[in-house]
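Q: Residue numbers (our numbering), protein chains in the order written: chain Y, -9 to 551; chain E, 7 to 113.
Please note that a few of the clues may not be correct.
Cβ pair distances, simulated, as ranges [claimed, not checked]:
| id | chain 1 | residue 1 | chain 2 | residue 2 | range |
| --- | --- | --- | --- | --- | --- |
| 1 | Y | 498 | E | 99 | 42 to 48 Å |
| 2 | Y | 489 | E | 94 | 23 to 29 Å |
| 3 | Y | 485 | E | 94 | 50 to 56 Å |
| 4 | Y | 391 | E | 49 | 30 to 36 Å |
| 5 | E | 36 | Y | 423 | 49 to 55 Å |
| 6 | E | 97 | Y | 486 | 49 to 55 Å |
| 7 | Y | 56 | E | 12 | 45 to 51 Å |
| 8 | Y | 16 | E | 41 | 53 to 59 Å |
| 9 | Y | 140 | E | 86 | 54 to 60 Å |
| 10 | E | 49 | Y | 434 | 27 to 33 Å |
Keep in mind that the hints were calculated from the coordinates and are not lab data. Using N, Cα and C, we set each Cβ at its ideal position, and we do this for glycine too.
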Amino acid sequence: MFELAFPPAFILIIGALLIALARPGMRPVIVLAAPLLTAYAIWQLPDGVLLTAPFLGYQIELVEASTLRRLFATIFALMALVGGLFGLKQAKWYELAAGYAYAAGAIGVSFAGDLITMFLFWEFMALFSTVVVWCGGTVAAKRAGVRYALMHLIGGIILKIGIEGTMIHTGSIEITALALDNFDSWMILIGVLINAAAPPFCAWLADAYPEGSPFGTVFLSAFTTKTSVLALMLLFPGQSVLIWVGLYMVFYGIIWALLENDIRRILAYSIVNQVGFMVCGVGIGTEMALNGVAAHAFAHIIYKALLLMSAGAVMYQTGRRKCTDLGGLYQSMPVTAVCGIIGALAISSFPFTSGFISKSLISSAAAYEHLTWVWYALTAASAGVFLHAGIKFPWYVFFQKDSGLRPADPPWNMQAAMIIFAAACIVLGCFPNLLYQYLPYAVSYEPYTAEHLLTQFQLLLFSGLAFFVMLPLMKRTLTISLDYDWFYRIAMVRGARAILQLWTWLLGRAEALWAHAGAPVAARLKGWHLPDGLLARTWPTGSMTVWVVVILVAVVVLGQR
Amino acid sequence: MSEPEVPIAKIPEDPEQRAWFYRPSSIRKLWIITYVVLGLTVAAQFGIHVHDHFGIDGWFGFSAVYGFLSCVSMVLFAKLLGYLIKRPDDYYERFIAAGKDAEDGDV
């Protein structure tokens, strides 16, 4: 049994170590073999708790498998494989190693049977994802990485407070659906939601991810937010507060992406948007909704990585990442353009792509539960996804005005990675049962009805019309949009400076006060107390004798009475 | 990341000499195709019955109108919000630089 239950995460960690230690010639072999072996190990795991170990007096469950956990672990391993292929020759070895360790952390969280194991792998991910951000190699990446690490350390501490509270108050470290009726559960929820980029902690994602290298950002897009979606599914299914959190994220992602000029930041905001759909689905919490969340997470990782690969290919070939600098690239980068457009269609849930068969499970679940406003909001948001990611991204990069830039398509391995994921988007979209059969609950949903196709085409194509009608209003500008990170990047710095100034001022005032009022008093005190002062001076022994005599005489005289 | 060398093409003055996608004649054709496709997706509802969940979502052309209007309102909302929260894209770098100067000044 033990051989079978060897934690799949450890295989990928060993892979990451070997990438670091191997000769350059061996690296590509390890990069491709490690995720494949990991995926094989994942599929050898039967359901149930498979490996326990004693840890700090608790019996922790290193590996617990179930349909849902296996699905998430599988897509994480697949993501590592194709992400590794994308950066096979071009990414730095330490970036690949950190990326694989990061993916291993995500797989570890997927199979964590208890809160302690989950927390350990959670922090492992925070550590190596920070390294991946730093691999961006610029000053901006260094700074963004520090902010990213701080945010995740804070999230980790909040999560740990919740986990320790739960351990003390219930004695259980089991991962099971928690009721939101006590402080500990709320702390766990907040800790998990910080990693999901929920408000008001949504800014870290669009701040840090776009600063990674073209290869690092592909890795970054997949793991952190999706492991927290899995954690939400396991710990908080059906908590209605998540519906509202999710809807906020959905619209936040759209609005900020519409305002954005940097192509990778557009895609980063759209990660928050897509994770919002999933968080909302966890909040709805029915079997159909949870199936939808799992399917959408799976499909999303593929098409979002594909979109970031195509943006990364453009950046790798041109060194440019702003809408204002790009345009017309379809002419010289046809493979990148076609793959990017397929990713854009998939994220928009266009029929015959993977997004269509996954997202409709979530919105149909809202309809079946008669959550009227939630359904209207999700439908408007689906239209908005086409607007901000489905059309905006390919339009500004590959079409709009001709920038005159004629970069070639990227090297073969980058193209191959894009083609594999583009094909996956279409195959999953055309054959939904390939994915549906691995979902946690039995699926009785048929996405391809004439009615569903018709309404989806109407919704998307008229959103497209709105984009081109409103195009003059969306002229790209050399701007960024403020976000909650303003509070810790500007307000807190200003606050700290103000406190420093106040302190300096107070010191100045104290000195002035000293000079005016304190100094004369001090001079008198000095007169009395310093070595020469009246009260501190040493007196000759003789004079003391004289005084003793005087006192004695006084006592005698007074005593005579 | 160092800037890679990118070949740059000269774009012809005459719009009709440019790449197919950028010619005014092609743009006109693309708009015509767009309108035909849009019309067809709405017309198809004559043949396909749409079940409603909440009443108005079963109306004729609901998805088309709803998709269009929600996108227009999101773009307008973003535009208005932009006046409030847009900043030059070196906003944070300037803030950091300004802070550095102040510190250097103190020293």
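Q: Indicate, hint by hint, whether the structure satisfies it.
A: These are the hints, each one checked on the structure:
1. For the pair residue 498 (chain Y) and residue 99 (chain E), the beta carbons lie near 32 Å from each other, so the given range of 42 to 48 Å is not met.
2. Remark: the range hint 23 to 29 Å for residue 489 (chain Y) to residue 94 (chain E) is upheld by a beta-carbon distance near 28 Å.
3. For residue 485 (chain Y) and residue 94 (chain E), the hinted distance range of 50 to 56 Å is not satisfied, since their beta carbons lie about 23 Å from each other.
4. For the hinted restraint 30 to 36 Å between residue 391 (chain Y) and residue 49 (chain E), the CB-CB distance of approximately 34 Å keeps it satisfied.
5. Checked against the hint of 49 to 55 Å, the pair residue 36 (chain E) and residue 423 (chain Y) fails, with Cβ atoms roughly 36 Å apart.
6. Here the CB-CB span from residue 97 (chain E) to residue 486 (chain Y) is close to 19 Å, at odds with the stated 49 to 55 Å.
7. Remark: the range hint 45 to 51 Å for residue 56 (chain Y) to residue 12 (chain E) is upheld by a beta-carbon distance near 49 Å.
8. Between residue 16 (chain Y) and residue 41 (chain E) the Cβ separation comes to about 58 Å, which falls inside the hinted range of 53 to 59 Å.
9. The supplied range of 54 to 60 Å is broken by residue 140 (chain Y) and residue 86 (chain E), whose beta-carbon atoms lie about 32 Å from each other.
10. At roughly 32 Å, the beta-carbon separation of residue 49 (chain E) and residue 434 (chain Y) lies within the given 27 to 33 Å, and the hint holds.
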